[in-house]
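So you can see what is in the structure, the chains are spelled out below.
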Amino acid sequence: MGVLITGTNTGSCERDSPGHVRYNSVSELKWRPLLLRIRVKPDNTGVVTDGVKHSMNPFCEIAVEEAVKLKEKKLVKEVVAVSCGPQQSQETIRTALAMGADRGIHVEVSGKDYETLGPLQVSKIMAALAKKEDAQLIILGKQAIDDDCNQTGQMTAALLDWPQGTFASEVTLDGDKIKVVREIDGGLETIKINTPAVLTADLRLNTPRYATLPNIMKAKKKKIANVKAADLGVNLTSRLEVLKVEDPPQRQAGMKVETVEDLVGKLKEAGKV
Amino acid sequence: MWLYLTPSRRLLSLRRNLIQYRSITLENSGRKAAVDKVISPFRSICGKDNVSLGEAIREQHGKDESVHRCRPPDVVVFPRCVEEVSALAKVCHDHNLPIIPFGTGTGLEGGVGAVQGGVCFSLRNMDQILNLHPEDFDVTVEPGVTRKALNAYLRDTGLWFPVDPGADASLCGMAATSASGTNAVRYGTMRENVMNLEVVLSNGTVIHTAGKGRRPRKTSAGYNLTNLFVGSEGTLGIITKTTLRLYGVPEAMVSAVCSFPSVQAAVDSTVQILQTGVPIARIEFLDDVMIDACNKFSSLSYPVTPTLFLEFHGSERSLEEQVSTAEEITQSNEGSDFQWARDAETRNRLWKARHDAWYAAQALRPGCKAYSTDVCVPLSRLPQIIVETKKDLLESRLTGPIAGHVGDGNFHCLMVVDPNDPDELHQVHLFTERLARRALAMDGTCTGEHGVGLGKRALLCEEVGPLAIQVMKGLKDSLDPRNLMNPGKILQRGEL
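Going down the list, the sequences are from chains A and B.
Per numbering that gives the first Met the number 0, the very first residue in the first sequence carries number 0; after that it's consecutive.
Per numbering that gives the first Met the number 0, the very first residue in the second sequence carries number 0; after that it's consecutive.
What the hints contain is simulated information worked out from the structure, not anything from laboratory work.
Since we're looking at a predicted model, the values are computed, not measured.
C-beta: ideal position from N, C-alpha, C; glycine also.
Hints are not guaranteed to be accurate.
In silico EDC-like cross-links for lysine to aspartate or glutamate, where the CA-CA straight-line distance does not exceed 16 Å [to be verified]:
| hint | chain 1 | residue 1 | chain 2 | residue 2 |
| --- | --- | --- | --- | --- |
| 1 | A | Lys68 | B | Asp420 |
| 2 | A | Lys219 | B | Glu134 |
| 3 | A | Lys271 | A | Asp261 |
Residues from chain B shown here face chain A by an in silico Cβ test under 10 Å; the list is partial [said to hold, decoys possible]:
| hint | residue |
| --- | --- |
| 4 | Leu52 |
| 5 | Trp159 |
| 6 | Arg244 |
| 7 | Val248 |
| 8 | Glu250 |
| 9 | Ala340 |
| 10 | Glu344 |
| 11 | Pro377 |
Chain A with its partners taken away, still in its complex shape (with noise of 0.2 Å):
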């Protein structure tokens, strides 16, 4: 899910004094399923989703989270919230207004286009929607944890030709630069991005509210545009084919040996030393 931060219909970004920049944010959010116990489907095509829990997928919390905050703070005009799945999903949307974005929209993709949805096909649809919309920033969840790609990010800002700040765990907007510092391996990266740009959400950028009721309940008065791909000029056929899903190993029982000497052989034995 992404929260994708939209421009005005003009095209430029509204000024009300020096330096300081409103934005339109859009957040595009990933519905997929709460994290119980997953069971291969027997036909190793893919994992057991009927009957599971969905709910957001936790960077896209944050995402929608620093999305609100920014709006709060006045620096951006307005947050629309985007889902592309099926019906259900559009769940997800509504948290997402219930945490103050102010409108969403549900790009309807189900049954096998939903199966065979990856972050290629995401990504078009969000560089379509972020031309439609004139939207000046996109944030996501950096990846979605049933997937792990890390990719739809990446792949929006390549083709819309824009500035990424990734792994974001800070976010500063300057004027029409945003400052970004983001979590790599060696530690922390500072970088000033222009904009337009896509943000990915990292873990440590800030701590998601809850949706209360009074909230939830106002999200109800809130408009859901409803798209179709095919309406974006997107193809959603997959370049991939899943071929095999399986159970990782079961694990073995282990064996109790007696003396030193005996761990040892038993380690030369199996090759292990």
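Got chain A sorted already, so can you dock chain B onto it with the hints?
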């Protein structure tokens, strides 16, 4: 417990033990034979993989987070549904084997120790969240669901289950021990928040205490069986489902800290805040010894005097009013350094001292274990009992920083004790008995939230009196005539 006794008591105990030894060995061999007979029926009921005789598994299921030593059961079973629980219970009943229900093992009074051996029913495989009704604010859960798991599940609904005993405990286990926590002053304890239970009795009968599937917000139908089982600590039946009352997630929260020159000033502020009708969510008291420990442990710099930690829940506007009323009250009671915070990060920093109290107490004496006492008295008696307890601690030369849910008149001394020093252990034991009796003398109770378990059975008699104990015994006899349900807890041997 033997180490806690004086030499003369040890001799008497030895003699009694020798006499009991013979009957115990006979009991043991009889029980061993029974256990051998039931393994095969157990396996056919819940599957070979869900019956365990392994020593490590049995030990894991014979202890909790109290100081009581491990008392492993003879066998552990892992039923997957209420039908299996019922069938297994019938088998145990036919062979006269004790039944000990086990949730998460996070209890603090030795409630899961199998003092007479028997079969431990580990209910962790029954982990479904059923029948959530957001508009009715209720949900039904199985014993394997812990409170954090439920709240994570409820995240998107705007609802939560606020009872927070600290540990990530099984909700059915919390019902069994009538758990409470820091939020009780506003949201109540398990007694107020359990609407219905599904219970398996010792002979396998399955009952619904308020009727199957029923969840009205109030009822006056018949005897209150639901609250009979809440707090029964597994001695009357195995809880296999509980229907809980949910609440809306607070729109906003504010946390505050305030220091006071004396315990009296802190408690007076608490009483006045409650009297003005401020719907305070949490109000926690830490004494000077505890604050000192927290300062050292978390590198903080709170003034080393009695301190209150407060938390307010509500809408933005109501919070402003609540906080300003509370601030005025604390100032009129000579409170100082009133700090408050709205955003999550600063709130967590303010409350860090309270969150780390357990570890801070243990850090006072590295290598020692901590044991928490638990008494509760009417609010007006709280200053007196805390002052007398602190005097007792000084005179007995024991380390016992105090943390308490002052809104309920409930406080805990975190006794830090060297587990290898029998004299110290004995002193702590005597101290806790004096503390419990002090609370009883002030119209209070010997256990505010942890339960009776193994260690407070004698105190329970003193608290409710012999006639009420007889009534409890009558109930126990009628529901569990063979005394198979978690024997040795709540009621003493002599009473059965």
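Quick one, is the Ala340(B) hint okay against chain A at 10 Å, beta carbons?
violated (14 Å)
Holds or violated: Lys219(A) to Glu134(B), with C-alpha atoms at most 16 Å apart:
holds (15 Å)
Hint consistency between Lys68(A) and Asp420(B) [alpha-carbon to alpha-carbon, up to 16 Å]:
violated (55 Å)
Interface hint status, Val248(B) versus chain A (Cβ within 10 Å):
At 5 Å from the nearest chain A Cβ, Val248(B) passes the 10 Å test, so the hint holds.
Closest C-beta approach of Glu344(B) to chain A relative to 10 Å, hint status
holds (8 Å)
Hinted pair Lys271(A) and Asp261(A), Cα distance within 16 Å:
Status holds; Cα separation ~14 Å.
Hint check: is the beta carbon of Pro377(B) less than 10 Å from a beta carbon of chain A?
violated (35 Å)
So, Glu250(B) near chain A? Judge it on the closest CB pair being under 10 Å.
holds (5 Å)
Min Cβ distance, Leu52(B) to chain A: is it shorter than 10 Å?
violated (15 Å)
May I ask you to test the interface hint for Arg244(B) with respect to chain A, counting a Cβ-Cβ separation under 10 Å as satisfied?
violated (15 Å)
Can Trp159(B) be said to touch chain A, with a Cβ gap under 10 Å?
For Trp159(B), the interface hint holds, since the closest Cβ of chain A sits about 8 Å away, which is under 10 Å.
Violation of the numbered hints given earlier is confined to hints 1, 4, 6, 9 and 11; the remaining hints are satisfied by the structure.
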